[in-house]
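Numbering of the sequence shown is given in my numbering, commencing with residue 260 and proceeding in unit increments.
Because the hints were derived from the structure by calculation, they are not lab data. Computed from a predicted model, the values in this text were never measured in an experiment. Check the hints yourself; a few may be wrong.
[What the hints assert, rightly or not] In silico BS3-like links for lysine-lysine, alpha-carbon gap of 27 Å or less:
#1 K445 <-> K458
#2 K557 <-> K445
#3 K448 <-> K519
#4 K533 <-> K557
#5 K402 <-> K389
#6 K557 <-> K402
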Amino acid sequence: MPPSMLLGRLPGLRHFIEVAQLGSFRAAADRLHVAPSAVSKQIKNLELALDVELFRRDRGRAGLELTEAGEILLYRCASVVNELTIARDEIDQLQGLQRGHLRLGVNEVLASDLLPGILRDMTYNHPGLKFTIIVENTQDIVKRMRDGDIDIALGYNFPSSEDLETLATLQRRTYVIAAMDHPLAKLRKISLTELEGEKFIFPDHSIQLRQMIEDALVRNGVTVREVMATNSFTLLRQMVEAGVGTSIVIGRFLQLRREKIAFVELETPPFETKPMSCVRLAGRTPTTSSEAFAASIKTLFAQYGG
């Protein structure tokens, strides 16, 4: 039985979670296939049982807003769902079903490069394993982990926080990437000044690396000609391979299919970067599937000096 169904057997809590997430009694009722009055009654009974108000109901068309007590309850409900998921997996294993569920958050570039090989091996070793893979930027991954949507994460630039436990890290070098027939592809190392006047593909402004590259170029008095910007590193690499322009990336890509791209290491790293990391939320009981994933990452990182 899914955790959401188990939670639904606790009076009012399932209704509360839906209203909190959707911001509307009617929207929650539509999702739960019940009348709005039934949802309102369940919430009212829950508020009476807890002797607190969970929603501010005076926002008009702006929708419902959680009170401080409501925010606390929603956070704890996320923990309950997470623990129910873990309990279900552990009970399945006791019954010999081996039906683990890996709920993973990962940055886009790693989803296309690093992840396929790892998941291929995990499906071979654990054929009954189910995967839910959420591809997001690091900030959203951390939020989803705190909300209980994912159990473990793999990505760049995770914040230093007491509620995040780092399981493995891999420091990456900084490279200029160019098409194989580009003159820069013949170099073993490169300085930023050698990019003067180059056609350049930038990450989008929503990505932290964009500002880091721009600041480094300004500090070194280097001017490049921006020909494209994208929030997709996969597309960025494809455009570099096609000869549209050069770019700067952190780390070589660990992928099953290698693009025809030259990686030329920058002689003096122009900015400090945080390592690639595998993290989980501290204080929560890890699922067996997330432990298996962490073990695979530690083994892979060790091969690359992590």
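(message) What's the verdict on K557 and K445, does the C-alpha distance respect the 27 Å limit or exceed it?
(response) violated, 33 Å
(message) For K557 and K402, compute the direct alpha-carbon distance and say whether it is at most 27 Å.
(response) holds, 24 Å
(request) For the pair supplied as a hint, K448 and K519, confirm whether the alpha-carbon distance does not exceed 27 Å. (result) holds, 18 Å
(request) Would you mind confirming whether the straight-line C-alpha gap from K533 to K557 stays at or under 27 Å? (result) Given pair K533, K557 holds - Cα atoms ~17 Å apart, limit 27 Å.
(message) Holds or violated: K445 and K458, Cα atoms, limit 27 Å.
(response) Answer holds: K445 to K458 is near 17 Å, not above 27 Å.
(request) Assess, step by step, whether the Cα of K402 is no farther than 27 Å from the Cα of K389, and give holds or violated. (result) holds, 22 Å
Comparing the model with each numbered hint stated earlier shows that hint 2 is the single one that does not hold.
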